[in-house]
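Protein chains in written order, with the numbering used here: chain A, 31 to 412; chain B, 31 to 412; chain C, 31 to 412; chain D, 31 to 412.
Some hints could be false.
Remember, identical chains collapse to one label, so a pair may be satisfied in a single copy or spanning two.
Below, in silico cross-link-like pairs of lysine-lysine (DSS-like), each with a Cα-Cα straight-line distance of 30 Å or less [said to hold, decoys possible]:
{"id": "1", "residue 1": "K379", "residue 2": "K251"}
{"id": "2", "residue 1": "K251", "residue 2": "K173"}
{"id": "3", "residue 1": "K100", "residue 2": "K410"}
{"id": "4", "residue 1": "K85", "residue 2": "K379"}
Since the hints were derived computationally from the structure, they do not count as laboratory data.
4 protein chains.
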Amino acid sequence: MKKQIRIGLIGYGFMGRTHSNAYSQLDHFFDTQHVPVRQAVCGRNEEAVKEFAEKWGYASYETDWRELVKRDDIDAIDICTPNNSHAEIALECIKHGKMVLCEKPLALNGEEGEAMVKAIEESGLPNLVWYNYRFLPAVTHAKNIVAAGELGRIFHYRANFLQDWTISEDLPQGGAALWRLDAAAAGSGVTGDLLAHCIDTARWINGNIVSVSAMTETFIKERVHQETGEKQAVTIDDACSFLARFENGSLAIFESTRYARGHKALKTFEINGEHKSLSWDLHDLNRLSYFDHGVPSDRRGWSSIHCSDGDQPYAGNWWVPGLCLGYEHSFTHGLYEFMKSLDDPSAEKQYPDFRHALGTQYVCDAVLESARTGQWVEVKQS
Amino acid sequence: MKKQIRIGLIGYGFMGRTHSNAYSQLDHFFDTQHVPVRQAVCGRNEEAVKEFAEKWGYASYETDWRELVKRDDIDAIDICTPNNSHAEIALECIKHGKMVLCEKPLALNGEEGEAMVKAIEESGLPNLVWYNYRFLPAVTHAKNIVAAGELGRIFHYRANFLQDWTISEDLPQGGAALWRLDAAAAGSGVTGDLLAHCIDTARWINGNIVSVSAMTETFIKERVHQETGEKQAVTIDDACSFLARFENGSLAIFESTRYARGHKALKTFEINGEHKSLSWDLHDLNRLSYFDHGVPSDRRGWSSIHCSDGDQPYAGNWWVPGLCLGYEHSFTHGLYEFMKSLDDPSAEKQYPDFRHALGTQYVCDAVLESARTGQWVEVKQS
Amino acid sequence: MKKQIRIGLIGYGFMGRTHSNAYSQLDHFFDTQHVPVRQAVCGRNEEAVKEFAEKWGYASYETDWRELVKRDDIDAIDICTPNNSHAEIALECIKHGKMVLCEKPLALNGEEGEAMVKAIEESGLPNLVWYNYRFLPAVTHAKNIVAAGELGRIFHYRANFLQDWTISEDLPQGGAALWRLDAAAAGSGVTGDLLAHCIDTARWINGNIVSVSAMTETFIKERVHQETGEKQAVTIDDACSFLARFENGSLAIFESTRYARGHKALKTFEINGEHKSLSWDLHDLNRLSYFDHGVPSDRRGWSSIHCSDGDQPYAGNWWVPGLCLGYEHSFTHGLYEFMKSLDDPSAEKQYPDFRHALGTQYVCDAVLESARTGQWVEVKQS
Amino acid sequence: MKKQIRIGLIGYGFMGRTHSNAYSQLDHFFDTQHVPVRQAVCGRNEEAVKEFAEKWGYASYETDWRELVKRDDIDAIDICTPNNSHAEIALECIKHGKMVLCEKPLALNGEEGEAMVKAIEESGLPNLVWYNYRFLPAVTHAKNIVAAGELGRIFHYRANFLQDWTISEDLPQGGAALWRLDAAAAGSGVTGDLLAHCIDTARWINGNIVSVSAMTETFIKERVHQETGEKQAVTIDDACSFLARFENGSLAIFESTRYARGHKALKTFEINGEHKSLSWDLHDLNRLSYFDHGVPSDRRGWSSIHCSDGDQPYAGNWWVPGLCLGYEHSFTHGLYEFMKSLDDPSAEKQYPDFRHALGTQYVCDAVLESARTGQWVEVKQS
């Protein structure tokens with residue numbers, strides 16, 4: 031008999047949809063003993079939240095998250111609100127004994143994150159942060175290859191997350207749709223929104239980052255704020271690049287921007303080891319580029335592995351070789367890992383929890399500090 | 031108030047899963063007045079069909095398709111059985127006044143198909159054949175560009191569907207999993223399985239094919255039959271290539287095989303017109319390659335359009351620019367077109383119905399005849 | 031002490047330049063005992079031929095090829111004239127005991143070619159036909175891999191040569207620059223000009239072609255002739271596609287056209303064997319795509335081998351790994367093979383001679399006959 | 031009547047070959063009034079230098095560069111020796127009134143470079159530094175597009191030069207073949223060897239760099255020195271990455287290494303502007319990737335411009351559209367620009383002279399200082 035995990039979702043924007051899709055799709059494709067149930071969704075606009083509940087099959091809705099968190103018929107809370115509310119909501123969830131699945135980044139900064147980690151670890155409650163890109167088959171495959179030690183000594187890591195949607199000066203900032211451009215709600219710009227993803231992937235695959243030297247820029251200095259209708263200073267970082275050194279001695283460069291004309295969501299990584307190299311990008315997410323120096327010299331080349339075969343991570347649960355998966359599958363796979371760990375709590379967790387996400391938060395903090403001070407900054411470890 | 035279309039699904043194999051996914055996903059992402067309801071699924075193995083019903087949320091199940099077809103609480107039958115049963119089931123559905131959504135190809139041959147078209151058109155019942163690849167955003171985008179006349183005179187069309195999964199001599203034929211290798215169940219080999227998809231796409235985009243010259247080959251002559259356990263002659267075509275002329279004067283080559291080492295499901299097309307050219311492949315399905323001769327000569331090149339922006343077909347209903355869709359989305363989009371045409375029966379249908387699929391069947395028949403006779407064959411038009 | 035081979039070049043158009051470049055470059059990069067000397071160039075326009083001789087360092091010039099052919103200080107004649115003069119000039123060269131390096135195709139048809147082969151073989155004179163594309167490192171590498179039997183049983187071969195330079199109706203035909211559009215001078219259109227290259231490569235790599243079914247088309251029916259200034263019927267084939275069967279049992283499709291908008295000189299081939307597949311295209315000529323099924327299943331993918339390492343054919347004579355070669359290098363490599371075989375006449379020849387080129391001519395003849403008759407045609411073997 | 035520029039080449043290693051090829055090829059493909067003459071080559075090993083002279087058609091040779099520099103029959107000296115001799119030789123050339131074509135980098139450091147610039151500018155002698163990559167058609171095309179202002183405001187620049195040839199610990203350092211691994215001869219490791227190329231291209235296309243933050247690493251700490259046969263500390267930088275800010279406000283990241291497994295000579299750049307973006311890499315050097323935001327939104331994509339058409343820079347002097355050029359053509363094009371400026375000294379120079387190369391040297395100096403100090407460093411401007 032399956033054990034139901036009754037989900038209460040807070041926030042029903044873009045991320046609310048991606049998570050709801052995972053709750054809907056999981057048991058069509060994966061077999062776990064614990065299964066999610068769409069119990070309630072919460073949002074301040076009653077009409078809109080009700081419509082969302084109907085569309086996605088949530089059994090009920092709430093307009094006050096504090097009410098949701100208190101409900102006895104909820105086992106786990108999924109936090110999909112702007113970053114500045116993650117800590118407050120999560121702490122309240124923990125107080126009421128709810129598991130927490132929190133949208134990334136964990137918090138506005140390391141200090142907030144530390145409080146969250148402390149509370150959740152003392153409670154013993156299962157917890158996840160939705161760094162979803164790990165769970166694309168090609169990315170997980172890369173992780174597994176590196177974890178097996180196949181690359182030998184690692185020399186280099188590089189990662190980008192390039193977008194171009196904020197180039198126009200006429201784009202406003204703030205409000206429901208554009209809170210990511212408002213530092214008060216988002217904490218930072220591309221650093222927390224985009225680089226946090228790159229850093230999570232990097233730390234998962236290549237270990238801890240020990241020091242960074244960063245620069246940031248705000249290209250458009252003023253934008254109309256959606257809520258006030260007035261021109262206000264833009265306080266987020268539009269672009270951020272940094273140099274880094276990993277604990278394993280490898281060197282890295284990271285770059286993120288919303289001003290790279292022509293790139294919609296170009297998240298990439300490449301890792302160069304003594305024996306092998308790997309690279310990947312989100313625009314062609316089913317493929318892993320793979321270079322194996324062990325191949326005879328006249329046959330060496332970068333191989334494009336289409337990670338859709340049954341022996342690739344997660345792929346065998348879907349279709350047949352050659353048929354592509356898409357973006358949203360990453361959330362279903364992450365949810366699968368979470369449910370699987372409820373099935374067997376003793377197994378090693380294959381998903382990012384609060385503590386791992388705190389490590390990523392510390393890197394973001396160090397990056398922003400380095401950009402402010404112009405100095406190399408040592409990264410605190412979680 | 032939404033109007034429910036109660037679906038009875040016959041067959042729950044690979045295609046049963048892709049269609050069920052579409053029924054599950056449609057109203058999470060698309061807004062139609064008519065919406066599918068998973069009413070019943072039918073299969074001969076009771077335990078298995080019951081399990082499928084639970085997993086995919088079908089309200090009931092049947093083990094005899096004739097019983098399902100008679101039920102009053104079913105509005106539409108979805109046929110996902112091997113090709114040799116399509117005609118019989120469809121005719122029975124029509125007799126009972128059910129709409130029919132039939133997996134491709136329509137039938138074993140043109141003669142069977144003609145009877146199906148006659149019956150369904152006399153009944154006036156809505157009908158669809160699941161040529162799903164049309165509905166990938168990049169393919170629909172290509173269709174729209176050609177339909178707008180932007181290419182000018184068309185000179186060339188070429189299409190492949192290359193696989194490599196039957197190269198081993200040890201692979202058996204026949205039975206539940208491998209009926210596609212058994213001519214009795216499948217009607218033909220790659221011609222009906224793979225080329226039919228290429229032909230549907232081609233006819234949709236580039237119009238009628240008028241004549242063909244084909245060759246086929248069966249590379250492995252004998253295989254163990256799964257049901258008898260004995261070595262039997264292989265009667266399907268392992269590979270089929272053909273030259274073709276279109277009604278619009280353009281020349282074409284088509285090729286399909288299950289012996290192209292290295293290709294899993296490489297469905298491609300390219301069309302070359304006076305002013306523009308387009309090409310696409312299924313392994314990188316979010317992109318359309320686009321060449322516009324109207325661009326100044328020193329800036330001309332093949333562009334890679336990542337069809338994930340909101341103004342691309344279907345894409346705006348899913349995520350944000352740059353985020354990939356996958357294979358299964360094609361079925362959801364096809365279902366959307368079907369439901370939309372129930373909402374407004376007077377609008378032009380954007381999906382392949384029995385009559386269009388009959389035209390594709392005629393091309394397949396001509397191809398197989400040409401391969402047999404070594405002659406150019408004129409294609410019957412539907 | 032080096033042995034000089036004094037070259038007399040007839041024709042100084044595009045091909046005259048590519049060959050002259052090879053004569054100039056050979057001993058800068060390759061070490062052979064026999065070395066070419068630019069002794070004389072021949073053309074009807076004295077001023078132009080004189081200028082060419084100066085520019086390219088030819089010691090002398092002629093305006094009548096019959097005079098050149100008689101000269102005692104010439105060891106080898108290089109024929110770079112339109113196709114309809116190859117036979118006559120070559121036969122005269124043989125009469126005067128000159129080696130012959132003849133631009134492709136060998137002749138207007140098999141009959142002419144047979145006379146040329148007979149004469150040259152009776153004379154025992156060294157002879158070459160300039161099918162240059164063989165000698166690009168990636169193509170030679172492919173040949174060597176197939177010749178070693180690594181692909182196992184061959185199932186498929188496919189090749190294209192796509193251009194788009196004759197789409198405009200305003201382009202005239204005939205005359206010095208456009209004799210390739212005049213069937214009287216060229217013999218055929220794309221068949222002899224482009225497909226002949228594809229056929230040479232195919233036969234070299236995959237063996238003899240035994241039967242073909244072809245279609246041709248002339249899209250623009252009339253063009254102004256440059257010499258008469260009048261509109262005349264176009265008698266060449268603008269496009270030609272054909273199905274083929276090879277002696278080794280593999281199936282093939284070939285396509286060539288000057289109406290594929292967006293492709294400048296897209297010569298391609300792909301070969302699919304039981305164990306491996308290979309593909310290549312001229313627009314990215316330094317790379318060979320390579321698929322090895324022997325790689326563990328979760329690491330399989332198409333590899334892009336950048337054929338610029340020292341252990342790739344010819345590449346070690348040029349620069350260092352990663353640095354590209356270009357189109358013209360193919361001629362230098364072909365010339366190297368010719369000179370090397372003069373150094374050691376007993377070694378197996380690595381270049382196409384008249385007899386091999388006659389085999390290609392026979393395929394072209396069969397293709398054109400099939401297009402005319404609509405029948406499959408058996409190919410005569412050389 | 032053509033004016034001969036009699037060249038004296040010092041050094042006949044890899045760079046001596048690339049330059050000699052340019053001297054040999056120039057007037058076969060380009061028409062200038064001033065033309066190079068291979069007058070003399072100089073090297074310490076008489077046998078080897080004599081052989082080189084014969085192979086490449088130099089009229090004479092020398093074994094002492096001081097003798098060469100004094101000769102009256104030499105107009106220009108081409109310096110192809112290790113970096114630590116550039117300044118001394120160049121200053122001596124200037125003293126004897128010779129034009130100087132110097133291999134890059136200009137000098138070991140800015141101080142040396144300043145003396146060279148001062149001397150050559152006071153002399154009024156024409157001078158060039160062989161930053162050859164500028165002259166590949168796709169790179170020049172990119173420069174022209176940016177120079178025309180088409181990109182609008184520039185936001186980002188990024189460039190790599192990745193190799194993998196020094197990963198093995200068994201590779202020795204120093205000596206004739208490996209002086210690039212010896213800081214005494216080379217001045218630095220990848221910074222002067224590889225990043226200098228990236229910086230030259232960047233400054234040419236995107237203007238001055240004003241500040242940098244860098245890190246370097248020496249992965250293999252000790253290697254056998256070829257000359258002593260003993261293990262010695264490695265003093266060069268194996269890898270170097272840096273953040274930069276340009277005068278125009280754009281942000282940049284640069285990375286270079288000889289430890290990026292799988293990359294032979296992957297020199298790349300990408301520039302992102304308000305309206306357009308461009309990118310390129312050396313492994314596929316004929317293509318320029320081009321994104322134009324002015325294209326209607328549903329047709330936007332990265333275009334691959336094959337820069338082989340007659341209206342692309344330099345390409346029309348070679349073959350026909352679609353046919354690739356290679357690495358060595360860059361030197362011929364650079365030489366063409368130099369000779370053209372001798373033809374018309376009043377025209378704007380299209381090649382890097384000593385002063386421009388000094389600017390690149392200053393960036394390298396700042397990068398190395400930043401890596402040493404861990405601080406951002408302001409770049410001196412030339």
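Against the structure, the hints:
For the identical chains of this complex, K379 and K251 are neighbours neither inside a copy (43 Å) nor across copies (38 Å), given an alpha-carbon limit of 30 Å. Taking the closest pair of Cα atoms, K251 and K173 come within 30 Å of each other only across two copies (29 Å); inside a single copy the shortest separation is 39 Å, beyond that limit. Taking the shortest Cα distances, K100 and K410 never come within 30 Å of each other, neither inside one copy (35 Å) nor across copies (63 Å). For a Cα distance limit of 30 Å, the shortest separation of K85 from K379 across copies, 26 Å, qualifies, whereas the shortest one inside one copy, 32 Å, does not.
This entry does not satisfy hints 1, 3, going by the numbered hints stated previously.
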